[in-house]
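Taken in order, these protein sequences are the chains called A and B.
With the numbering used here applied, the first sequence covers 1 to 516.
With the numbering used here applied, the second sequence covers 1 to 465.
Derived by calculation from the structure, the hints in this document are not laboratory data.
We treat Cβ as the ideally placed atom computed from N, Cα and C, and that holds for glycine.
Be aware that one or more of the hints could be misleading.
DSS-like cross-link-like pairs, simulated, lysine-lysine; straight-line CA separation at most 30 Å [claimed, not checked]:
#  : chain 1 : residue 1 : chain 2 : residue 2
1  : B       : K91       : B       : K351
2  : B       : K351      : A       : K108
3  : A       : K62       : A       : K106
4  : A       : K106      : B       : K347
5  : A       : K364      : A       : K427
6  : B       : K283      : B       : K91
7  : B       : K283      : B       : K347
8  : A       : K25       : A       : K106
9  : B       : K149      : A       : K162
10 : A       : K25       : B       : K462
11 : B       : K283      : B       : K351
12 : B       : K283      : A       : K162
13 : B       : K91       : B       : K347
14 : A       : K162      : B       : K351
15 : A       : K62       : A       : K162
16 : A       : K440      : A       : K364
17 : B       : K149      : A       : K106
18 : B       : K462      : A       : K62
19 : A       : K108      : B       : K462
20 : A       : K108      : A       : K22
21 : A       : K108      : A       : K162
22 : B       : K347      : A       : K22
23 : A       : K440      : A       : K427
24 : A       : K25       : A       : K440
25 : A       : K22       : B       : K351
26 : B       : K149      : B       : K283
27 : B       : K91       : B       : K149
28 : A       : K106      : B       : K462
29 : A       : K108      : A       : K25
30 : A       : K162      : A       : K25
31 : A       : K364      : A       : K435
Quick list of the computed label-pair ranges, beta carbon to beta carbon [unchecked claim]:
#  : chain 1 : residue 1 : chain 2 : residue 2 : range
32 : A       : H153      : B       : L280      : 23 to 33 Å
33 : B       : A159      : A       : F17       : 51 to 61 Å
34 : B       : P94       : A       : V29       : 34 to 44 Å
35 : B       : R342      : A       : R24       : 50 to 60 Å
36 : A       : P201      : B       : L280      : 50 to 60 Å
37 : A       : I457      : B       : G337      : 33 to 43 Å
38 : B       : A199      : A       : L14       : 30 to 40 Å
39 : B       : E422      : A       : V29       : 27 to 37 Å
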Amino acid sequence: MLTAVILFPLAMTLPVFFLPEKARKTLWVYAIVVSGLELLLSLGLLGFFDLGRAAEFQFHGKFDWLPAIGSSFQVGIDGMSLLLVLLTTLLAFLGFLSSTRYIETKRKEYIISMLVMEAAMVGVFSALDTLVFFVFWEAMLVPMYFLIGVWGHENRLYAAFKFILYTMAGSVLLLAAIIWLYVQFGTFDLVALTQATRGLPLSAQEILFLAMTIAFAIKVPLFPFHTWLPHAHAEAPTAGSVLLAGVLLKMGVYGLLRFSFPMFPDATRVFAPWLAILALIGITYGALMTWVQTDLKRLIAYSSVAHLGFIVLGASAVNQWGLQGAMLQMVNHGLSTGGLFFIAGMLYERRHTRDLAAFGGLAKAVPRLSVLFGIIMLSSVGLPGLNGFVGEFLALAGAFRSSIVWAVVGAVGIILAAVYLLTMFQKVVFSKLEKEENAKMRDLSIREILVLVPLVIFIVWIGIYPQTFLRYTEPVSARIVQVVNPEKNQDTGAIHELPTSESGEMHPETQEVSHE
Amino acid sequence: MSDIYLVVPELCLAGFALAYLIIGLVIKRWRWLLGVFTLAGLAGLFCVSLAYLTVSGTAFGMLLVSPFGRLLDLVFAVAAIISLLVYLDMKDLPYEGGFFLLTGTLGAMLLAKCVDFVMLFLALETLSFSLYAMVGLRGTRRDAEAGIKYFVLGAFSSAFLLMGIALLYALTGSFAFSAVATAFALPGYNIGLMVAALAFVGIGLLFKASAVPFHFWTPDVFEGAAAPVAGYIATASKVAAFGLFLSVFGVAFPTNPDLWWGLLWYASVLTMFVGNTAALLEKSVKRMLAYSAIAHAGYLFIPVMIGGPWSTSTIVLYALVYTLMTGGAFAVVAVVGDERSRLDFYKGLAKTRPLTAFLLTVFLLSLAGVPPLAGFIAKFYLFTDAFRSGLTSLAIIGLVNGVISAYYYLRVVVYMYMMEPEGETEVPRLRGRLWTAIAIAAAAAATVYLGFFPGPLVDFIKGLL
């Protein structure tokens, strides 16, 4: 079934070749239906997912691929992967829904690129064979490269090149590590490898950890590997930005949590503080850079650097709260930053500019857009009651367990986030309505509301009842903690201690899930 | 008698080439029949080689016939078929080209199998002279210039090779590769002369493989030659050179690797880096592909250094995949036009000729080693072997070079997809060039198929070697 979810979008690219480019409506209806079906398929995964075994890989599928060297097409998902797969299919669906007015040229190629990318992204999150993982990881680059380069804004060629070369450079290290592991252990099987690599001596672990982690850090992107991101995000078309921010960056963190940490626990203990420090630099630097941006999409892009800093900070605390926060925040960031990029795209469609100074007073002109914009923006700020708060709180709480300094610096980052996002919002939405064009701006169409509302639903849902989602990630993070920091598993305590102090309601029946 | 049985495919091809010449004299009107005739011959060669795949032995003490050699023959046949199909659509090319294509393939087949220096020289010259003629065949100024350049430099390198062979003969009293190995194994050989002989032979061979620093002829010759001819030089000739390397270094110098290991290591690294950096600066697609061919020669040195059964299967796999993608890319260049190989002519090709642009993109991405295309699988095997054999530094250098190369391959994609065409395009439609279209489509399909499902082919090759 999981295999079907991966291959369905790929197979559905074939009919697109035979559809006429002129048939605008047919093409879009086709794309939306296909991605909608894909979303339903992935919801089917959710339905059949056995929550009691959320730490194990389910929907296991295995097909011979390269029998000569023992690599097979092997897939399966645990709780963390499941959420990310759902995020991917949701954002891809909404991406298509948002593109019907935006993409005016080469629609067929656009739809094919998006579908190929969707398949590759789902593949990355479900591959259980290191070589297959790498294939998906790389295969995703090319369609993204086209999305940026063909349908992007003015400076798209530079951005596309920088994106693909940067990521490929990182991939080389990943591939080298994968081949090295294969030569050493004779297998590409992720589960078997994760067992085997723990026995490696520290020096070998350190080298492999660094090789893989640099590859993932480029994708995250962790400071100082972030320089490709503002260009790529700002120049990509709306759906491209959404998938970049919403899903691609998560692949970096996913790699850390799936490969680097559980495979090399000894090295993780050595390097986790360094990761945390880079994350903190990223949080602060990203926030300061965001503050001074005048371009709406670049602003959101830099804010991603800061937000991903929180995720890595939580992850590198390697305790239950930090990891839970990181995993939840991955989803949160996909929803809220994805939402912000959708809105930036809608504003761009109306005004053909991304300059903050060109807007102002939108609250009067386009109230519906402003309200949804406000909610998503506040979720990104981390307002209590919305999703961002839960994730960032957990991540910071986890960091606090490791070091008070980390938590304090991180908390300053949250304040900065409030400053830059509220400044931006104030400039765009609340300042005086001076410009003629803004006054005549049309409000959201039904289609656009349909794009944003699902995001808002999830933003509020996670904000007030995060347990629905935490249930899926909790066993996974417990397992990582178990591997990396067995002693910390004791003192950190379980997640259900949390809500009494903060986000209020949490179901009592979920309490026995923890501590496995 | 049994020796003759071993070389039946070679004999068939030689006979076929002669028959082609005679028929060519007779048939004056329906020239296209000759094309079909050649095609049938090459297809026949493919089948005969396939039938003789498992036959092995040493023929006349000069040719080591083995499944490895026969597998390379299949690669040569594929390279020749791709070139021929493209050739058929180029009206300005005379029919003698078909003959030289056949004899060139014969030379390549012999070259990859020889274990004797006389045979080596003969095979090499059979191949080279066919190529010289093919390059200059159209008789235009550019052709002639490229042909003369290729010939002069080729003759120069042949002189080096001959000098080396003469020295080796003086030292060992035999032309057999194995005699050199025996001489090395004995104590008290004349090390100075031996090294000199090795150096001369090495220079001659490195020239043929267009390895740095003997690569300077490649871009000029490729630019002047018709695209299918350039494609044939880049694929068949290069693969033959590496088949030869494997037997030279496997049979002639097996006992004393220190002498040539260092040489090969530097040749590999230099060839990769120089090929890739020079390609970065090229503004002509043909010249860029020439440098890309040089860079790929650098990768192919790695299995030669490793030796053993792993390396033979890796070389076969890499050679086949490389032939498909490079041959395909040159076929597209032929469609766009030999005279229009500057990057500017590729601007906006995706808009005017979407299918052509798409197929070229497949080849370029595969050359860049992007999964899940065949180029990735081939590179993956190659670098896995390198890691396994302890050539870690070389493997990492190779992987880094893969990233460098991505830049110039993708630049062509940028021109095709992300820039607007300038004025009306003069690029002919694929539809009007049926043979070329078949070649390109088949090569692209194979590139994609082998990327997704490499298992059967890899098993097949590994099962034989």
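**Prompt:** What hint numbers does the structure not satisfy?
**Reply:** 3, 9, 10, 15, 17, 19, 28, 30, 34, 35, 36, 37, 38
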